[in-house]
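With the hints as extra help, turn the sequences into a complete structure.
As given, the protein sequences belong to chains A and B, one line each in that order.
According to our numbering, the residues represented by the first sequence are 1 to 121, in order.
According to our numbering, the residues represented by the second sequence are 1 to 197, in order.
Warning: the hint list may mix true and false statements.
Unchecked claim - To give a feel for the contact side, a few chain B residues facing chain A, derived at Cβ under 7 Å:
1. Leu28
2. His35
3. Ile36
4. Leu58
5. Ala68
6. Arg71
Just so you know, the hints here were simulated from the structure itself, not pulled from any lab data.
Think of the CB as a built atom: it goes at the ideal place given N, C-alpha and C, for glycine as much as any other residue.
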Amino acid sequence: MHRMVAIGQNPALAAQLRKGVLEYCVMALLQKEERYAFDLVRELSDMDGMVISEGTIYPMLARMRRDGSVETTWRESSAGPPRRYYRLSPAGRKALQGFKKEWSTFREAVDNVMDGGENDG
Amino acid sequence: MAKGTVEHYMQELDGELRDLPPARRRELLEEIREHIGSALEEGPGEGETEVRNVLERLGDPADIAEEARRRFGISRAKPGVREIIALVLLPIGGIIIPVLGWIIGAILLATSNVWTGREKAAGLLLFPGGLLPALSVGVTAARMCGGSTEVGGRVAETCSGASYSSLALVILAVLVLVPIGTTIFLARRMNRRAATG
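As structure tokens, this is what we get:
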């Protein structure tokens, strides 16, 4: 019961969950190590059903840079021109932790409702 | 051949991104160009097929631009009153208020957000003055030819329609059709923008 109340008390976050899941997926992919842009984009788009157009990830990354959840550095690359590497910022790491909690709450709540309240505990 | 395909895509993307601030736009174009380079490097080759596959995965420039506008809270340049007035004044403004009418239309065209630089250039350079030159030529020619003189009590035409030389007719036709055609072109581009906003 308290899970449903948590969602009910945080409608803004629920809306953000729906719209903003992709950003948190990016953050999750960056939590262990920094990655370069193309790698990141390819891995995201390989995730089933997540992304339809790879190009649309770049505006999202630009926005995340501006919001400060990711940081970028240029690194020399043996293969040619320097590459842009993305890493999670401290603020991004905190945001990711927050998301993980909310996501598991949200997911259980939704599963609950889908099951018709059988597993309500 | 493959390079041409990439350039064409980048040009299209550049056009679609024109509502964005220049720095953002440049940044996005750079990143996507880098993406294409990396994708082709890691892929089986750089032939036409590979290029097309990479661009296909990237997606429609219009979708990328829409996402960029959404993420940065920018709304599409929508056609409005300014554009309608421009489309009226460009062909016939010069006739309503000689020369000045067209100039006003030209200024409205130049300052609009709806058309690209190329489209504006076409609009301004292909028919300066709109239909005014056509009207002037037509009127001048008519004055030269449409007069009649009295000869011995009879009115004689000094020349008939057939004395318009064919060259003059061709020039007149061009002076009429090009402004009209350019106006239609601008109007269609405007409607296309309105539809995809």
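- prompt: Hey, does the Arg71(B) contact hint survive, CB to chain A under 7 Å?
  reply: Holds. Min distance 4 Å.
query: How about Ile36(B): closest beta carbon in chain A under 7 Å, or not?
result: 9 Å, violated
- prompt: With 7 Å as the cut and Cβ atoms as the points, is Leu28(B) at the interface with chain A?
  reply: Result: holds, 6 Å to nearest chain A Cβ.
field: Ala68(B) as chain A interface residue, shortest Cβ-Cβ below 7 Å
entry: 4 Å, holds
message: Given a cut of 7 Å on the nearest C-beta pair, is the interface hint for His35(B) held or broken against chain A?
response: 5 Å, holds
message: Let's test the interface hint: is any C-beta of chain A closer than 7 Å to that of Leu58(B)?
response: 4 Å, holds
When held up to the earlier numbered hints, the structure conflicts with hint 3 and nothing else.
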